[in-house]
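Listed in order, the protein sequences are those of chains W and V.
Going by the numbering used here, 103 is the number at position 103 of the first sequence; the sequence numbering is gapless.
Going by the numbering used here, 58 is the number at position 58 of the second sequence; the sequence numbering is gapless.
Mixed in with the good hints there might be a few duds.
To be verified - Pairs of lysine-lysine, DSSO-like flavour, derived with a Cα cap of 27 Å:
1. V:K78 <-> W:K109
2. W:K4 <-> W:K120
3. V:K58 <-> V:K44
4. W:K109 <-> V:K44
5. W:K84 <-> W:K109
6. W:K84 <-> W:K120
7. V:K84 <-> W:K4
8. W:K120 <-> W:K54
9. W:K4 <-> V:K58
10. V:K78 <-> W:K120
11. W:K4 <-> V:K78
12. W:K120 <-> W:K75
13. W:K88 <-> V:K44
14. W:K76 <-> V:K78
15. W:K75 <-> W:K109
16. V:K84 <-> W:K84
17. W:K120 <-> V:K105
18. W:K4 <-> V:K44
19. V:K102 <-> W:K76
20. W:K120 <-> V:K102
21. V:K103 <-> W:K88
22. W:K54 <-> W:K76
23. V:K103 <-> W:K120
24. W:K88 <-> W:K120
25. W:K54 <-> W:K75
26. W:K88 <-> V:K58
27. W:K4 <-> W:K54
28. V:K103 <-> W:K4
29. W:K54 <-> V:K58
30. W:K109 <-> V:K103
31. W:K4 <-> W:K75
32. W:K75 <-> V:K78
33. V:K102 <-> W:K75
34. W:K88 <-> V:K78
35. W:K76 <-> W:K120
To be verified - In silico negatives: residues of chain V with every beta carbon more than 12 Å from chain W:
36. A10
37. A41
38. Q47
39. M50
40. A85
Simulated from the structure, these hints should not be mistaken for lab results.
In this text, a Cβ means the ideal position worked out from N, Cα and C, and glycines have one as well.
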Amino acid sequence: MSGKPLHFELDKENLTVTMERSFDAPLDDVWAAWTQAEILDQWWGPSPCRAETKEMNFTEGGRWLYAMVIPGVGKKWDSKTFLKIEPKSSFTYRSAFCDENGDVAPETKSSVWVNSFVEKNGVTTVTNVIRNDSLERLEMMLKMGFKEGYTAGLNQLEELLARSR
Amino acid sequence: MRRDIFQAIADPTRRGIVMLLALHAMTPNAMAEHFETSRQAVSKHIQILMECGLVEPKPVGREIQYHLRASKMREIEKWMEEFKAVMATRFTQLDDVLTQMKKRKA
């Protein structure tokens, strides 16, 4: 059976990516697959990579620390720190690359994922709303360049335009 | 050291330079007029922007003009495409895992 379609949307206003995907399975199973290390290890690594959990503490303030094992390259460590959990309904984590001890270097880009789960007639829909630092920085750049930001920028811009006419 | 596009815009003067170059190509002297800083300081910022691949030099007569490489701005879109592909692969794998879970229960 081929998979259901993945809805994927970039919202430039709110700087978020929203994904929506349905799975032909009950909520209990889908929730378990997203929150239990032994199941996550079976699917989170996009083939040919695989995820290898080092530590999982699915509680608010706890984290999932795992390595993405990339063939021929090695391990890339990643951590998801759980910020909020509403059992069988939604959970939020901050995702950041880290070292094998789970330490995140300062200035590391991170993203916050809000993952929601709804079951209807045996089909469970998962919605991920992802707010990414990279998008934030892009937006800042566009704003700085074309809207506001750089202190004397607009005045200088006017002068420049006047002069180049 | 390899730099990325985000380092390019970490500094307010560099953001200003990017803003000016978005309008049209300029020489460092012309740019320095727009900032309360020396030509040398502007050149240093341009150097960083070049290392990020965001600006490119173009000789015009005896001077060098710098212009913005718009393709670099499309990096985010590329990142999005890759991310979408990774997630699609994961979800197909999750379909298989869920099917196995169901079979085990049956």
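Are there hints from earlier that the structure breaks, and if so, what are their numbers? Failing hints, ascending: 8, 9, 10, 12, 13, 18, 19, 26, 27, 29, 30, 31, 33, 34, 35, 36 and 40.
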